[in-house]
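Novice: If you're matching them up, the sequences are chains A and B in order. Under full-length UniProt numbering, think of the first position of the first sequence as 1, with each following residue one higher. Under full-length UniProt numbering, think of the first position of the second sequence as 1, with each following residue one higher.
These aren't lab readings, by the way, just hints derived from the structure by calculation. Hints should not be assumed to be uniformly reliable.
Unchecked claim - Residues on chain A that point at chain B, a partial pick, calculated with CB under 7 Å:
(1) P111
(2) W173
(3) T184
Built from N, CA and C at the ideal position, the CB exists for glycine as well.
Number of protein chains: 2
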Amino acid sequence: MREAYHDQLGQLADQLADMCGMAGDAMERATASLLGADLALAEQVIGDDAKIDDVRAGIEEQAYALLALQAPVATDLRIVLAVIHAAESVERMGDLALHVAKAARRRHPNPVLPDTVRPYFAEMGRIAVELAREATDIIRTQDVQRARSLEDADDAMDDLHRHLFTVIMDKDWQHGVPSAVDTTLLGRFYERFADHAVSVAKRTVFVVTGRMPGYHGDPGA
Amino acid sequence: MREAYHDQLGQLADQLADMCGMAGDAMERATASLLGADLALAEQVIGDDAKIDDVRAGIEEQAYALLALQAPVATDLRIVLAVIHAAESVERMGDLALHVAKAARRRHPNPVLPDTVRPYFAEMGRIAVELAREATDIIRTQDVQRARSLEDADDAMDDLHRHLFTVIMDKDWQHGVPSAVDTTLLGRFYERFADHAVSVAKRTVFVVTGRMPGYHGDPGA
Numbered sequence: 001m002r003e004a005y006h007d008q009l010g011q012l013a014d015q016l017a018d019m020c021g022m023a024g025d026a027m028e029r030a031t032a033s034l035l036g037a038d039l040a041l042a043e044q045v046i047g048d049d050a051k052i053d054d055v056r057a058g059i060e061e062q063a064y065a066l067l068a069l070q071a072p073v074a075t076d077l078r079i080v081l082a083v084i085h086a087a088e089s090v091e092r093m094g095d096l097a098l099h100v101a102k103a104a105r106r107r108h109p110n111p112v113l114p115d116t117v118r119p120y121f122a123e124m125g126r127i128a129v130e131l132a133r134e135a136t137d138i139i140r141t142q143d144v145q146r147a148r149s150l151e152d153a154d155d156a157m158d159d160l161h162r163h164l165f166t167v168i169m170d171k172d173w174q175h176g177v178p179s180a181v182d183t184t185l186l187g188r189f190y191e192r193f194a195d196h197a198v199s200v201a202k203r204t205v206f207v208v209t210g211r212m213p214g215y216h217g218d219p220g221a
Numbered sequence: 001m002r003e004a005y006h007d008q009l010g011q012l013a014d015q016l017a018d019m020c021g022m023a024g025d026a027m028e029r030a031t032a033s034l035l036g037a038d039l040a041l042a043e044q045v046i047g048d049d050a051k052i053d054d055v056r057a058g059i060e061e062q063a064y065a066l067l068a069l070q071a072p073v074a075t076d077l078r079i080v081l082a083v084i085h086a087a088e089s090v091e092r093m094g095d096l097a098l099h100v101a102k103a104a105r106r107r108h109p110n111p112v113l114p115d116t117v118r119p120y121f122a123e124m125g126r127i128a129v130e131l132a133r134e135a136t137d138i139i140r141t142q143d144v145q146r147a148r149s150l151e152d153a154d155d156a157m158d159d160l161h162r163h164l165f166t167v168i169m170d171k172d173w174q175h176g177v178p179s180a181v182d183t184t185l186l187g188r189f190y191e192r193f194a195d196h197a198v199s200v201a202k203r204t205v206f207v208v209t210g211r212m213p214g215y216h217g218d219p220g221a
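All chains, full assembly: derive it from the sequences and hints.
Specialist: Here it is in structure tokens:
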């Protein structure tokens, strides 16, 4: 019985990891569609978003069933709740990738971004996808050290986001207001995506550190 | 035992309602600080945000204790989980009010908004606060009809938000790029605040409709 129950907990974490991987793929494609004005890729992201939502609904139902049937306590309870929270954040990551893809579709065949800010988005996209992939691995491996080092990637995202604003706000901005508005919102989508990826990884890993094999540090740190 | 347990569920809902009221107050003050370039009010919102976060932490702890000690099933389980989710959304509403207040502080003593868009924000602020107050009452009363009518207020917010964009994007926009960027982000904060208020009300009410006195409709509708 205990065995089956821990198998179910493990399956839940696996599905969460899969879902996080899907959100990372979505952001990778969305970024490519944004930078390449690639309509087919944008449509793919838009069409695929429902799949992420479906996985989330499935995770939530299974988590509820686990709570109702097994009534877990202590760490097990916190794991299930962390998975429920994390699944909500990952769905939001998918939504943010969707917003990026929709921006690419809305302006197609024109590029959304002026050339000046393209390198920022190439890099923000790279970091966002890296964070989602890291979060995916961390959910699977429960590697606390990697969860901590996510902060650095997130700091890099925040720096890029701040620099991007100084570029948009600069008096030499030549690309007009509509471009500035698009760039502002897109910048925020990437920054929020990164925040969610970090919170997913941290929330799912710190809650279990007390019982993870090979971990002897301070779970409260 | 059953009595005490349902008292605890009720207290949890009360605290969620209080918290939602606090988020509404925060947005009311943040909007006043934005429109009146009122630094003291902005500082108050910024200082008070930690109180909302504290209530959220308290709700989450009590909800976890309830799950661990009472192991609720069926509707009771869904109520507790809905409260946990809703508390997360209300904390986010508080954060969005905080972002508005910080924008007011950042540009002080200058107004953040050009005169052209002030009426939009006066109205978006009014609707945001109304939605938070409605959500607060709906959590307390479990009034399904009022939960449904929230959609209309949210549609009004979405309309304003769309119109606001046409104003910013218009070639006659005279207020420069930095103003357009501030206005864009602020518009998004209000729109997200409204989305969260609606989801809080809907999530907390629909989950309990099956067992609410005086309600005989279709809980799945």
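Novice: Does each hint hold? Answer for all of them.
Specialist: Okay, the hints, checked on the actual structure:
no.	hint	in the structure
1	P111	17 Å, violated
2	W173	5 Å, holds
3	T184	5 Å, holds
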